[in-house]
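Read off the chains here:
Protein chains: 4
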Amino acid sequence: MIIVLKNDLKEENRKTLRRFLVDLRVEAVPVTTITQSLLVVVGKCGELTREEIRKHSSVARLIDVDRPYKLASISSLKTKTKFKLGENITIGNKKIVIMAGPCSVESKEQILNTAGEIKKTGAHILRGGAYKPRTAPYDFQGLGKIGLRFLKDAADKNNMPVITEVMDIRDIDTIERYTDVFQVGTRNMQNYPLLKELGKQKKPVLLKRGMWSTYKELLLAAEYILVGGNENVILCERGIRTHVPETRFTLDLNAVPYLKHETHLPVFVDPSHGTGRASLVRAMSRAAVAAGCDGLLIEAHLDPRRSVSDADQAISMVELAKLIKEVRLVAKAVDRI
Amino acid sequence: MIIVLKNDLKEENRKTLRRFLVDLRVEAVPVTTITQSLLVVVGKCGELTREEIRKHSSVARLIDVDRPYKLASISSLKTKTKFKLGENITIGNKKIVIMAGPCSVESKEQILNTAGEIKKTGAHILRGGAYKPRTAPYDFQGLGKIGLRFLKDAADKNNMPVITEVMDIRDIDTIERYTDVFQVGTRNMQNYPLLKELGKQKKPVLLKRGMWSTYKELLLAAEYILVGGNENVILCERGIRTHVPETRFTLDLNAVPYLKHETHLPVFVDPSHGTGRASLVRAMSRAAVAAGCDGLLIEAHLDPRRSVSDADQAISMVELAKLIKEVRLVAKAVDRI
Amino acid sequence: MIIVLKNDLKEENRKTLRRFLVDLRVEAVPVTTITQSLLVVVGKCGELTREEIRKHSSVARLIDVDRPYKLASISSLKTKTKFKLGENITIGNKKIVIMAGPCSVESKEQILNTAGEIKKTGAHILRGGAYKPRTAPYDFQGLGKIGLRFLKDAADKNNMPVITEVMDIRDIDTIERYTDVFQVGTRNMQNYPLLKELGKQKKPVLLKRGMWSTYKELLLAAEYILVGGNENVILCERGIRTHVPETRFTLDLNAVPYLKHETHLPVFVDPSHGTGRASLVRAMSRAAVAAGCDGLLIEAHLDPRRSVSDADQAISMVELAKLIKEVRLVAKAVDRI
Amino acid sequence: MIIVLKNDLKEENRKTLRRFLVDLRVEAVPVTTITQSLLVVVGKCGELTREEIRKHSSVARLIDVDRPYKLASISSLKTKTKFKLGENITIGNKKIVIMAGPCSVESKEQILNTAGEIKKTGAHILRGGAYKPRTAPYDFQGLGKIGLRFLKDAADKNNMPVITEVMDIRDIDTIERYTDVFQVGTRNMQNYPLLKELGKQKKPVLLKRGMWSTYKELLLAAEYILVGGNENVILCERGIRTHVPETRFTLDLNAVPYLKHETHLPVFVDPSHGTGRASLVRAMSRAAVAAGCDGLLIEAHLDPRRSVSDADQAISMVELAKLIKEVRLVAKAVDRI
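Residue numbers (the UniProt record's numbering), protein chains in the order written: chain U, 1 to 337; chain G, 1 to 337; chain E, 1 to 337; chain A, 1 to 337.
Read the hints as simulated data drawn from the structure, not as lab findings. Note that this is a predicted model, so its numbers are computed, not measured.
Calculated pairs, PhoX-like style, for lysine-lysine (alpha carbon to alpha carbon, straight line, at most 25 Å):
#, chain 1, residue 1, chain 2, residue 2
1, A, K203, A, K145
2, U, K157, U, K108
3, G, K94, U, K322
4, U, K94, G, K322
5, U, K94, G, K325
6, E, K332, A, K325
7, G, K332, G, K95
8, E, K94, E, K332
9, G, K332, U, K332
10, E, K200, G, K145
11, A, K95, E, K322
12, A, K95, E, K332
13, U, K203, U, K157
14, G, K94, G, K325
15, E, K119, E, K332
16, A, K332, E, K322
17, E, K95, A, K332
18, A, K322, E, K95
19, A, K157, A, K202
20, U, K145, A, K200
21, G, K6, G, K78
22, G, K332, U, K95
23, G, K145, E, K196
24, E, K94, A, K325
25, U, K325, G, K95
26, E, K325, A, K95
27, U, K325, G, K332
28, U, K94, U, K322
29, G, K80, U, K322
30, A, K325, E, K325
31, E, K84, E, K95
32, A, K119, A, K95
33, E, K325, A, K94
34, G, K80, G, K200
35, G, K196, G, K80
36, A, K94, E, K332
37, U, K203, U, K216
38, E, K78, E, K95
39, E, K94, A, K332
40, G, K200, E, K145
Chain U on its own, in the form it takes in the complex (with noise of 0.2 Å):
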């Protein structure tokens, strides 16, 4: 249960309301969102116990929620989270927004010319990285900060807002300047310290699944976000580790209506990393929309044979150009843009 408190309280009405919470023996964890203040109850609360507690002057009213994951249940929120990127575009909308780019930034050339033709192709936000995730100390770690910058530069040209991932949390305040939204990967789902400075962010957070995670740990993890005050959390499905050896990872697809049904927040789907297989992107770019995503995350390359990372997923700009034109189609028939 969520008890959210009434606005402008005073700290001695807070105080009252916690003795008086202590004296009904409920347990209550204090959370302070952008927009309101709640009290999260840790512990069950019989009904005469929430009676009174809804009958309390601080209290708005209560949430019911029987899920561990309170603030990102559906049933916290009565509207699903929509918010904006730049001036014209909406994530949680009708319309999919579509997010494409390369796996790295490479050169200040490279981003340019691929933020160009990327804008082309109809797609949202510039998508790029610059600290990059590598299994082996060896690989190409990304150009860091100066990359950053030639990402910005890139998408203002473009006048396209940017994702770009975080890895580090030393690294937050610099990505933040650069960055219209914090993408967090795979392998950092469950890296609670990010998260948790992740939540204190005002800028939105792109939270990428564990290849390993059910949905309630993904749930889970937003929540470390949401809980923290950054409201703003796209859930976004990207393949999971399986036995199927012909694909790089099993887009998990069951994800979306999944997560559609128990939370408010924005789901995303990566077809490029859920796939692996650059002959396979389109498609799954049409069976996520059709399966009710919000939007699309892509991995595009000027010449995909010469990318420094993840050659074997990435799309070209004409294949980008079609997959587009696709999901449009998609779109209008479940009744989106």
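With chain U held as given, fit chains G, E and A onto it using these hints.
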């Protein structure tokens, strides 16, 4: 490599050709399909040897295949496999074919009433199990032969073809009299004696993917049927076993575009087993069609909560009708019907 | 719950008891094993009803089981299942039993020479496949009946019992003449018609776990055999499909202590398939015994590199002899022989 | 390939060598460990080039490695990695080392009493968590710094070294003061910033395998630490995510002999997380030692049912004492102590 023999070859000519191959040290397995006589070359075969074979008077043409699934491979046939069921339905054509019905035939009335309702929703083929593979020996094992008769009668009265599962070699002849398509369940995907016997049948086989299997293993299982001469095999993705506890299985839609690239066989999807949750079936049906499948296999029940088996995943007739409408819209968006 | 009937009950008494149960609204399935007549109660049964049944003159005793696998459950039998193979070997006793031999019977000489060498290593039972489940129809399918004869002759000359795989119901009678234990392979763990037929046999069955299956599903598959009256079932862990690419399967040794707590049936381990790598077989054999298994199934070949099937996982006779020595030492450390 | 430099080389000589390599078009990453200076060659390197490098006056020797994990590979070191903890314990030696303790430090008394009991069982190292990675933000997150102090005091009073988990880069310095070994949990196996920082530490690191990871990915994660100069890494198998619902994770003991063949690093096993069931921990500890591991990490609690976290898998002190006795017997059987 596959050697396609000329039609109407005499046994004498065949023998000469085989001796000729033995001299060339080429090992080849003779395979007779309904329309063609083939020799499937097992090992490798150099360019010169190939040239000699091509010139032989009994040889029509050579098919180059580098996959272990020679007949199932897309390179073995110039066109996609298509075949008729009943008078009006063609599998493998532009039209998305819907097979729907209850998990089990429960009684004469149940299946008759169901069939009428299924027909009204616009579904094309009636499914229903008379012999059920059940995890526990104490669970309902199906009505057997009498169930087949109920199923066939119900389908006939509604002018629908029938699909039903075969588990036991000894039932093939009986089932053949009542069904239009043999269904091989996930647990039997590598039941090789069963596959071999179905290879001798004339009626089509819908082969469900083993919940543990790779794409290659599915194609090789189909190969067992094709090699016996039965060319009408439908592949069916139905979910794999993964770590995800929230769904019964993980529907692996990556399989759809992958298989469509690899084989000329039609590819169906079973979102009922592939999710195990009625609430996810419609969304995943839309996704399957958007991914490029040729048809769907749906569990539908007059009163899902009272289904004697698989109650959690069966949808109602109202839901089925909605599903078919939605699927039609998505089909058009991807240039299907 | 299981109702154990008194011995030598007349059909009349049975009928009276069944009517009595119908009046109590208790549904029960009659099961006749070689030594006992049982009624397996399918639904739940209150304390009072239970008391009434217990007092009935035809009832010997009640066995309380809360598991769906009633006969396989450890609560259904007071002692662990033990049985003799040949004159000297007892399965399920303190002694760790080693079954070893080639994947396939390749020729008369091969299996005869192999059997002699296997015997020298100290292994107890000769394994070898005459009917092989092969992923591709073009792979070597086994020598069939003649292979069985070679295998039996080789075993007889060395005074060893035989274990060999059965895949096809139609082969049961033939195989029965040549084998001492029927082996059911992983792909057939849920081939229910086959399990039911083996339930009618008198010779023991070694049932391999499906590479996709849970422990409960394995126990329920065993239940299919037990319920038919064949009480001598050996369970065999042989590896599951996981995401790990470095081994062919992941040997799940957790299954060993779990199953030993849950069932009275003997539990064997197949580290050859469970690793797919000859270099890991010795270590995992030691581990399996330390975990509490009752025996091992090992692929061994006179010249592993020339094995016609599964060459990567077969070990040499020298390795097998070492393995058995090491396993003996571990057996003693865990109070086995 | 790795170039081992001569000791006490001047910076001048290093520069000359680097220029020499640039001329040969050989890309090499300099790595300085506590005992050696290395140049890790990233790309391929022909035989002639190799010969030239070998002759260079600054080069001590070349290590050929064909694995992406160059420093972790068994071919990079002639001897197994061994190091001391405290005065009497050596990791990587013949003796099986037991690390045991509660999941979380709960209070001063709890950890003090526990440490005394743990010591009596014969375990060598005290484990306990002060910073806990918890799936939900509302779960107990550990006592933090004060917990570290309680843990260290309890260990000191019993003359035991300490192991505790680090999740956050910012905690490294604090934890370093209280622990003898840094533990990296499964969720952080690919937290590269954390691994890089631990590579700069002098105290050893126990690196738990990601529950999704392959063996190669585990070795590459270790490589991140080794490449930073910290040579004392312990690998720890702790179970992977599979479809099996009866255990919390599937303990993958295949990893033990595989890793012992591939790397010189010590390999530990955590059967507590690897089963998630207290009743399986003793059997799987014996199995792990029989498979060849160098030590165990066990969750033990004074009153397992009252553990504030992971209660299902913690064993009692009586069980731990039994476990250690059993493990000693198995250790002797496999020529360990």
